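Enquirer: Residues per chain are reported as follows:
There are 2 protein chains.
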Amino acid sequence: MEVIGIKIAIDKNINTPIYLQIFEQIRGQILRGELMPGFKLPPERKLADSLGVNRSTVLNAYRELKAEGFVESKVGNGTIVLACIQEEINKTNEFSEPTWNHIFSQYSAGFDSHMVKDLLALASRKDVISFATGIAAPESGPIEALEGIERDIIENRNFRPLLHSPTEGFVTLRSAISGLMHKRGVYCSHEEVMILSGSQQGIDIAARVLLDPGDIVVAEEPTFFPAVQAFKATGARIMGVPVDENGMRIDDLEQLLQRYRPKLIYTMPSFHNPSGVDMDLARRRRLIELANRYRILIMEDDAYGDLCYEGHQLPLLKSMDGSGYVIYISTFSKNVYSGLRLGWMVAHKKVVTRFAQVKQIMDLHSSSLSQAIIEKFILNGGIEKHISKLCKDYKYKRDAMCDALSRFAPAGMTWTRPKGGYYVWCNLPEGISATDLVSKAAEKKVVFVPGTSFYLSSGQGDNQIRLNFTYASLSDIAVGVRYLCEAIKELTESSKKNDPYMDIEINPIV
Amino acid sequence: MEVIGIKIAIDKNINTPIYLQIFEQIRGQILRGELMPGFKLPPERKLADSLGVNRSTVLNAYRELKAEGFVESKVGNGTIVLACIQEEINKTNEFSEPTWNHIFSQYSAGFDSHMVKDLLALASRKDVISFATGIAAPESGPIEALEGIERDIIENRNFRPLLHSPTEGFVTLRSAISGLMHKRGVYCSHEEVMILSGSQQGIDIAARVLLDPGDIVVAEEPTFFPAVQAFKATGARIMGVPVDENGMRIDDLEQLLQRYRPKLIYTMPSFHNPSGVDMDLARRRRLIELANRYRILIMEDDAYGDLCYEGHQLPLLKSMDGSGYVIYISTFSKNVYSGLRLGWMVAHKKVVTRFAQVKQIMDLHSSSLSQAIIEKFILNGGIEKHISKLCKDYKYKRDAMCDALSRFAPAGMTWTRPKGGYYVWCNLPEGISATDLVSKAAEKKVVFVPGTSFYLSSGQGDNQIRLNFTYASLSDIAVGVRYLCEAIKELTESSKKNDPYMDIEINPIV
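Residue numbers (the UniProt record's numbering), protein chains in the order written: chain A, 1 to 510; chain B, 1 to 510.
Don't read these hints as lab results, they were simulated from the structure.
The list makes no distinction among identical chains, and a pair is therefore deemed to hold if it is satisfied within one copy or across any two copies.
With a cut-off of at most 35 Å between alpha-carbon atoms, the simulated DSBU-like pairs for lysine-lysine come out as follows:
#1 K419 x K263
#2 K445 x K126
#3 K232 x K263
#4 K349 x K183
#5 K440 x K395
#6 K232 x K349
#7 K7 x K350
#8 K232 x K350
#9 K40 x K419
#10 K389 x K66
#11 K126 x K392
#12 K389 x K7
The model shown is predicted, which means the values in this text are computed figures rather than measured ones.
With the rest of the complex left out, here is chain A:
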């Protein structure tokens, strides 16, 4: 409520006495120079009436203001804001806003979320068909994972999910996860498991714990770009190894290892983002062998490994790691709920210790409530059942997308049929730019991520696009792919129109 130049918001539901609320708010306005020296406060009765409080309440507020020297009252002249306190404040207010560009660190200067952020904003609109975000459909989530959590806390007075956990996570959850890992062929103890606030945190901690400026990191190219951002931020150099239909090209990798001796190999061997490729067994084994021979750490990002729609999962790199070179990370974002922000790492105990020291200054620990929910969901077997269900649903969706592409795709367009994961990776017909296609498809309310986002050097990937098939409904997948293919055809037409030889035909000036 605004009364004669002063803004006052009273809240009768809180325990702060009303006179103190009035006092504090007027004081604030004086301190910020919003009420200038000489300003006359409204008469007590008038302010009281307009706020709907007793006159004595306003009287008390004004008395406090006088006691602290902010105002004075003179008979017949009302209550006046004093100048003495104002002087320095006025000086202060002459100062200008900081010149932010000179203030921000070198480290933070490299961050730019560019087009992807705009795409995600667009993708969240209800009238848009999104193949852009790497998320599940909201209604496909395991809502049963929440069941009983509230009662357990309130009725059983089990406060654990609301209080601090150790930085490494609750031991019971770490043990439950080591049980999951055993089923994946990794016989780790809970001490080798650390809870993360999503797997991205594991990547960021790895960057901080392992990389010094000038160090080299090797990654597949294309690759998951937020990982590259985290590595680059430490001053490390990122080098790409091409991917073919069997995963990272290990011969290329070995040449690079011989020449540059990188510190870390970042890889997503199973159902790679964005290419969808599953690294074959022979390459997995050679990768482990090379890591050991050249003494280079591997970060195995297994965000999608358990979403396998055909055949069976190939062994994790971590399951072949006899000596401790593999740091395994995964997440509950793709198979449970992304909003819980929970992931985990499996690594040598010494790595866990060092990672925990850094995590401690980052966020102390991950949400205890999220930890409790996931722990229960693992221990009651719900997570395994849910993953089986997801695999069935996502297989349908993948098939729907590939079928629609077969039906509608223009000549010259190719795409993968991934055995698992979240993404179909497409090559556009020659001469079609993925960046141009983003705008053209957006007109038809279809969004996706252009290939350029996944490459280390600019200029690459403009002939490729990544399509997520887990978020949209089956019918939206069919419709969206059709619109997308129409957009490609329209671009093809217009590029033909712009063909210089055609221009010569139309304008035969020469």
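Based on these hints, arrange chain B on the given structure of chain A.
Expert: Below, chain B alone, put in the same frame as chain A:
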């Protein structure tokens, strides 16, 4: 279950067929070199019996192993692990564990959670009276904040708390927090509010966004040490300004600003951790004035400001900030629940944008579920009521601790009587070392944090201790203070015994 040299764990509740479970686990053991070439797998019937499965199930598993070249079967000779696949693996296993100390980054080398971690472990024991941790008593939490959350999600199919939020946090929560800030005299819009995964994350992001190696940060001394760790990790230099009963000594600060031009002033003006001091109004105003004059940012850490037990809160630095030099951070850990890991920042929009870019690679966003819980608790007015209740409870506890100290403290010991916050700060009698007292008090099952933990340079603070009064019960506070004071007296006695002059009396050799 272990059968004749192979470990197999079968889970009949998951959808992975049992033959695949057997196949994957044997394959893992071969790949890791646990089953050596020439090893004879158990006969199918024998393995089937001991696992309680059909013989055909084991047969299928063995068939897969043969198909992938891991084993071969010869009539009369059973199923044998093959050597060809083993060769490289064996080579691999000759490699040794990485030499971790050469691998970890310079950045991470400075981290050491030393004694504090041990203290916290000790503090969590049920038979120990803890004055060490800065946490609330579990039973004093606002359990009602959880009420209805589960029903809202499950029955109303409101999935928002389980899905992604924007990196800056849900707009509705940011708006609710800007409402809280208005009541504290800060008229910010939701765009100036950013959600954090606890206020420690705000400190860490500030370090990354604002500091380059060699930059200088000024902090009170003593100060909150995890903040110092985060600043130091970027290669910045930290300089301390002494604190007296009115807060940071601003004259000392100004000298330092003139000489060194630091990048950032980190301060906890309200109910400072560890000293409990509330910076007076004159100093708050001068601090703002100096920040503007020398163009230096202030990070105002307001973790304890709303826990005010006497008089009324002094105005926030942010409420006097006309030009944008103040970055305000606070947390819901001290007044709601620490396990939710939620805090917030209020700053210039350009600062919010840059902070969000860095937060994006750190953890993408904070727990959506925690955000939903806090948002509801703010909007239904529960949080204000709860804070009022906490203030009453903690006032009693503070009084109980000060009363017990008056009763039991030995001559020469002094302590503060803080007007708010979590901590009583004590000076020990001359000659008593806080570090020695830690061990002596631990024998009596009382723990606290020695002053040394809060100083920038080693050797300082060994005559001071920090006592938290919010965690222990009223009766434990009385008993714990008595034991603590007994421990001090015992140390005094033994130091008298070790007095060299007394030694001369006892052993008059010279």
